[in-house]
Amino acid sequence: SRETGYGHDESITSNCHVQNAYPPNRVETAEHLSRLTGQTTVVKEQITTSGRRTAAMLGQVSRTYQEVQRPLLTPDECLRMPGPKKNDKGEIEEAGDMVIYVAGYPAIYGKQPLYFKDPVFQARAAIPAPKATDRLRQVVEAGEGITI
92 SRETGYGHDE SITSNCHVQN AYPPNRVETA EHLSRLTGQT TVVKEQITTS GRRTAAMLGQ
152 VSRTYQEVQR PLLTPDECLR MPGPKKNDKG EIEEAGDMVI YVAGYPAIYG KQPLYFKDPV
212 FQARAAIPAP KATDRLRQVV EAGEGITI
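Numbering-wise (the numbering used here), the sequence shown opens with residue 92 and increments by one.
Here are the computed lysine-lysine pairs in the DSBU-like style, where the Cα-Cα straight-line distance is at most 30 angstroms:
1) K202 with K180
2) K208 with K177
3) K177 with K202
4) K208 with K180
5) K176 with K202
6) K176 with K208
7) K208 with K222
Per label pair, the in silico range of CB-to-CB distance:
8) I138 with D209: 48 to 58 angstroms
9) E185 with T224: 27 to 37 angstroms
10) Y196 with S153: 40 to 50 angstroms
11) I218 with Q157: 49 to 59 angstroms
12) I218 with Q130: 36 to 46 angstroms
Quick caveat, the hints were computed from the structure, so don't treat them as lab data. Note that beta-carbon positions come from the ideal geometry of N, C-alpha and C, so glycine has one too.
Between the sequences and the hints, there should be enough to build the whole structure, so can you do that?
Set out below in structure tokens:
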């Protein structure tokens with residue numbers, strides 16, 4: 092989990108404007124995704140009957156409607172999100188579900204994009220990796236200033 096790898100106060104995900112979530116395997120991750128997704132309000136109908144059960148018709152039937160809050164996506168629903176479907180060779184043939192979180196916007200429930208079936212993403216995936224990574228030129232100790 093992110094807490095195990097980075098600790099409770101990790102700052103990586105809190106600084107990501109867009110976060111993609113795929114079907115989780117852990118309950119803790121599903122609970123985190125459920126909290127990120129937020130709450131919704133649903134209308135619950137309640138029917139109350141009164142009278143003798145042996146009578147041909149019941150005496151009174153009343154209906155009440157109540158608005159109740161529930162998670163937009165429960166942890167159980169997160170865990171049951173369908174993943175990608177694979178063939179006998181282990182190759183993905185059909186996309187699975189995902190949730191996209193964009194800062195300042197409601198969560199988006201959708202299908203995973205399969206880059207190998209999209210010409211634009213295929214072209215981007217064909218770009219070669221850089222020959223060298225960024226290089227550290229100078230180590231600055233805490234409290235030291237840098238002059239340029």
